[in-house]
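Novice: Put together the whole structure using the sequences plus the hints.
The listed protein sequences derive, respectively, from chains A, B and C. Sequential numbering of the first sequence, starting at 483, is according to the numbering used here. Sequential numbering of the second sequence, starting at 94, is according to the numbering used here. Sequential numbering of the third sequence, starting at 142, is according to the numbering used here.
Fair warning: there could be bad hints in the mix.
Residues of chain B placed beyond 12 Å of chain C at every Cβ, according to the derived structure [said to hold, decoys possible]:
(1) L105
(2) G224
(3) I279
(4) G281
(5) Q392
Label-pair restraints from in silico Cβ distances [to be verified]:
(6) G271(C) - T237(B): 37 to 43 Å
(7) E259(C) - R198(B): 30 to 36 Å
(8) R198(B) - A310(C): 35 to 41 Å
(9) G563(A) - T237(B): 55 to 61 Å
(10) E259(C) - L361(B): 45 to 51 Å
(11) P193(B) - F611(A): 33 to 39 Å
(12) T364(B) - V758(A): 32 to 38 Å
(13) L734(A) - L361(B): 43 to 49 Å
(14) L119(B) - L734(A): 30 to 36 Å
(15) S647(A) - L189(B): 41 to 47 Å
(16) V600(A) - L361(B): 29 to 35 Å
(17) T279(C) - T634(A): 53 to 59 Å
(18) W170(B) - A597(A): 35 to 41 Å
(19) T237(B) - T697(A): 37 to 43 Å
Hints were generated in silico from the structure; no laboratory data involved. Please read these numbers as outputs of a predicted model, since none were measured by experiment. Cβ coordinates follow ideal geometry from the N, Cα and C atoms, glycine included.
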Amino acid sequence: MILLQVTVSGLLMGSVYALFSSGLTLIWGMMNVVNFAHGDFVMLAMYAAFFAFTLLKLGPIFFIPGAAAILFVLGVVVYLGLVRHVAKGPMLAQILGTFGLALVLRYAAFWAFTANFVSLPSNLAGGTFDFYGLRIEASRLLAGVLALVITTGMHLVLTRTALGSRLLAVAEDRNAAMLMGIRPDRMQAVAWGIGAASTGVAGALIALFFYVSPTVGESLSLIAFVVVCLGGFGSVPGALIAGLGIGVIQALSAYLIGAVYQDVIVYSLFLLVLWVRPQGLMGTN
Amino acid sequence: MKQWPLVLIGFLFIAAWPLLVDDVFLQRVGALVLLAAISASAWNLLGGYAGQVSVGHAVYFGAGAYASLVVYTELGWPPIAGAPVGVAVSLAIAALIGTPTFRLRGHYFSMATIAAAELFRILAANWPLLGAAVGLMGPPVPRTVADLSFLSPIPYHYLFLAVLVVLLTLTWKMQRSRMGYYLAAIRGGDRAARSLGVPVLRYKLYALLLSAGFTSIAGSLYAVMVGFIDPDSALGILISVKLLIIAALGGAGTLFGPLVGAMILIPLEETTNAMFGGGGTGITFIVYGAIILLVARFQPRGIAALWEAITTRRASRVP
Amino acid sequence: MFLEARGIIKAFGAFRAVDGADLDVTQGEIVGLIGPNGAGKSTFFNCLAGDAEPTAGTIRFLDRDVTNATPEVHARLGMARTFQVPVTFEDMTVVENVMVGAFLRHHHRAGAMRKAEEVLEFTGLSHLAGSPARSLGTPGRKRLEIARALATEPRLLLLDEALAGLTPAEVRLAIELVRRIKGLGITIVIVEHIMEVILSLAERAVVFHQGKVIAQGAPRAVVDDPAVIAAYLGHHMKRVRM
Ligand SMILES: Nc1ncnc2c1ncn2[C@@H]1O[C@H](COP(=O)(O)OP(=O)(O)O)[C@@H](O)[C@H]1O
Ligand SMILES: [Mg+2]
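Specialist: This is the structure we're talking about:
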């Protein structure tokens with residue numbers, strides 16, 4: 483019963499991982515650029531949710547879309563101001579660019595909000611309820627389910643809409659897309675916006691049940707890399723499966739071996755997979 | 094090399110620095126610049142010359158730092174005696190991790206190095222032999238001169254300078270040998286390099302071993318000088334990032350780039366730390382982040398490229 | 142036999158880019174490899190040069206089995222190649238690019254430098270020796286790639302569309318260069334799209350279509366072969382470059 487309990491909470495967390503990792507996989511698949519600040523985007527969204535509630539008295543119905551909107555804008559700005567330029571440069575420049583951004587965001591938050599952990603009241607989304615002996619916090623359930631729905635929605639947007647096919651056309655072949663009258667630059671900006679917006683929703687959801695601190699983004703970035711690598715670059719369904727898997731593995735190893743080792747298991751698994759199958763578990767080429 | 098006079102002047106300036114300034118703070122900054130230059134030059138062998146951008150060099154720095162203090166806490170040896178142990182451990186880790194990781198290209202390589210380094214940090218933070226989360230202390234008072242525990246930064250300055258000179262001389266020789274050309278070819282593209290008979294994996298491994306060994310020595314020197322380490326100060330991801338930033342600012346893959354980067358960033362860091370006290374770390378990394386962001390955006394090849402542009406323009410003006 | 146490839150198959154998933162191709166090359170000849178885009182010529186070259194492992198088949202070079210040997214081993218044995226899309230070492234100068242090749246047989250800087258200068262002279266790039274390689278345009282890069290390969294002192298040179306994208310005047314210069322390379326006693330296999338080039342250079346033409354050799358023989362005869370014409374016409378509409 484306890485194992486089931488642990489697995490369920492792992493799945494709920496994994497579903498949020500899947501959500502923000504889908505944003506990363508979209509960016510990565512579109513232009514083969516990695517966002518080392520991805521986890522720090524999530525951190526910003528967590529603070530946005532926290533301050534929206536404490537200062538403006540806004541509830542989740544407002545601060546979840548609000549965080550998504552703020553992060554969408556941030557994503558577009560980062561693309562236009564930074565990524566667009568470094569993407570053309572040597573690989574070191576790409577890494578430096580988004581790593582620099584990560585440091586600025588992380589330590590600006592550290593400076594502005596101090597290193598103290600803060601958190602939202604735990605009953606924002608309702609209390610804890612019992613489901614045939616399974617105890618589930620409403621906030622985690624809301625986060626997990628909503629994340630799952632939005633991730634699926636993202637997949638549908640990418641595969642079923644005109645916007646999606648234009649995004650994929652640019653990802654496939656920039657020049658060919660240009661000949662078809664698509665403006666790659668604009669599409670990539672949109673991809674960065676969507677990618678960042680996914681961290682906005684995810685961050686606001688995590689803030690419902692998790693403490694907020696300036697350095698939380700560091701490990702979230704790594705989780706996103708792991709999920710994207712395992713799921714295959716550019717694949718939202720892959721990210722979904724891998725995100726859920728990582729959530730469960732983390733929860734189980736925290737329970738069975740100890741919380742401090744949960745990331746040891748995840749990183750070891752990541753390295754093993756990279757070494758054995760550099761193209762990711764679900765990647766094809 | 095028409096730049097020898099300049100190099101000589103620079104060397105004399107650095108050598109004379111602790112005698113030129115009276116202030117202990119400034120002398121200390123000088124020693125720390127040299128230490129950072131050693132670490133970043135070591136990173137440069139792999140990340141700059143061979144173009145394999147490691148974001149996990151904290152592993153080797155930490156191995157050196159921990160080895161120094163573990164031989165003291167466990168065996169009572171002078172910390173510097175741990176340096177060879179640290180090098181041995183680093184080479185073993187490098188060989189173990191490097192061989193499979195070098196098959197990865199670009200970002201995947203960088204990512205794997207981060208994950209490996211974080212893995213080691215978490216393990217160290219939970220290993221009692223290494224002092225777990227608290228860390229390790231060196232000898233509180235020097236027992237003999239072999240403990241290399243001095244109040245004045247001046248002895249450290251010359252110790253570090255000697256190591257840096259050895260490292261840069263070696264790098265310079267390497268750069269002009271077959272290995273230097275092969276590493277540059279690898280940076281330019283694995284596939285083309287292999288088609289010309291460059292044993293790519295082997296040379297990447299050579300570069301990694303050299304790089305890891307010297308990074309480890311830098312870690313040992315750091316532990317010897319500071320006398321206290323914990324998982325974050327010896328193995329944290331910020332260590333890895335600092336090496337990369339210093340080298341990239343000065344010019345990755347150039348002989349003096351890391352030294353120049355260290356001469357800019359370390360004084361800046363020490364000044365903000367002194368100005369803002371404990372909260373200074375935050376400001377320091379905002380500044381660090383902003384600098385590399387701007388370098389990446391406007392001058393991806395670092396200060397070295399600016400310098401090259403200036404000198405070649407001047408040269409081409411001469412008929 | 143100098144070079145002998147038997148039953149080479151290279152599959153990507155279910156798709157066979159090379160599907161049972163044979164090739165024999167005797168020492169000293171120039172063989173032209175032709176075929177529409179996507180026929181599998183570059184993939185076949187990759188297999189020959191050790192850059193891709195064939196799914197099936199065997200390759201022998203100078204009486205040694207090199208089917209699964211690495212590109213480094215191929216280079217050391219004396220097989221050099223150029224890439225369809227040139228890969229220039231951009232951080233280096235032109236002469237340094239060539240020195241990378243020269244270091245294969247000359248382990249010291251001075252020797253490699255001498256060899257590189259000799260090759261630059263031969264390929265007509267001497268005046269650019271000190272320029273940064275990244276300043277070269279496509280024709281310069283293609284020529285540099287040939288120079289770099291020559292610096293490894295090969296016995297067999299594989300040229301993958303080394304003349305594509307050149308102006309007619311540049312093509313004439315390149316043809317002349319290939320002739321002089323043959324004059325050094327180096328055997329050449331050249332992939333080329335432009336029929337006139339094959340007709341004027343190659344002593345034997347091999348036609349690829351959908352991963353298979355569909356014809357071979359004297360270039361003139363091959364070009365008039367109805368099967369070859371059909372293959373080319375069938376692909377006329379779809380000129381996608383790989
Ligand atoms: N790495 C690869 N993965 C999948 N398909 C490939 C790969 N490389 C080449 N192909 C496919 O193999 C076919 C042959 O390509 P190629 O050898 O480049 O042809 P050619 O050089 O004759 O134009 C093409 O259809 C191409 O799309
Ligand atoms: Mg081709």
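Novice: Decide, hint by hint, whether the structure agrees.
Specialist: Each hint tested on the structure:
no.	hint	result
1	L105	holds (29 Å)
2	G224	holds (43 Å)
3	I279	violated (9 Å)
4	G281	violated (3 Å)
5	Q392	holds (15 Å)
6	G271(C) - T237(B): 37 to 43 Å	violated (55 Å)
7	E259(C) - R198(B): 30 to 36 Å	holds (34 Å)
8	R198(B) - A310(C): 35 to 41 Å	holds (38 Å)
9	G563(A) - T237(B): 55 to 61 Å	holds (57 Å)
10	E259(C) - L361(B): 45 to 51 Å	holds (50 Å)
11	P193(B) - F611(A): 33 to 39 Å	violated (47 Å)
12	T364(B) - V758(A): 32 to 38 Å	violated (47 Å)
13	L734(A) - L361(B): 43 to 49 Å	holds (45 Å)
14	L119(B) - L734(A): 30 to 36 Å	violated (54 Å)
15	S647(A) - L189(B): 41 to 47 Å	holds (45 Å)
16	V600(A) - L361(B): 29 to 35 Å	holds (31 Å)
17	T279(C) - T634(A): 53 to 59 Å	violated (46 Å)
18	W170(B) - A597(A): 35 to 41 Å	holds (37 Å)
19	T237(B) - T697(A): 37 to 43 Å	holds (41 Å)
The structure is inconsistent with the numbered hints 3, 4, 6, 11, 12, 14, 17, although it conforms to all the rest.
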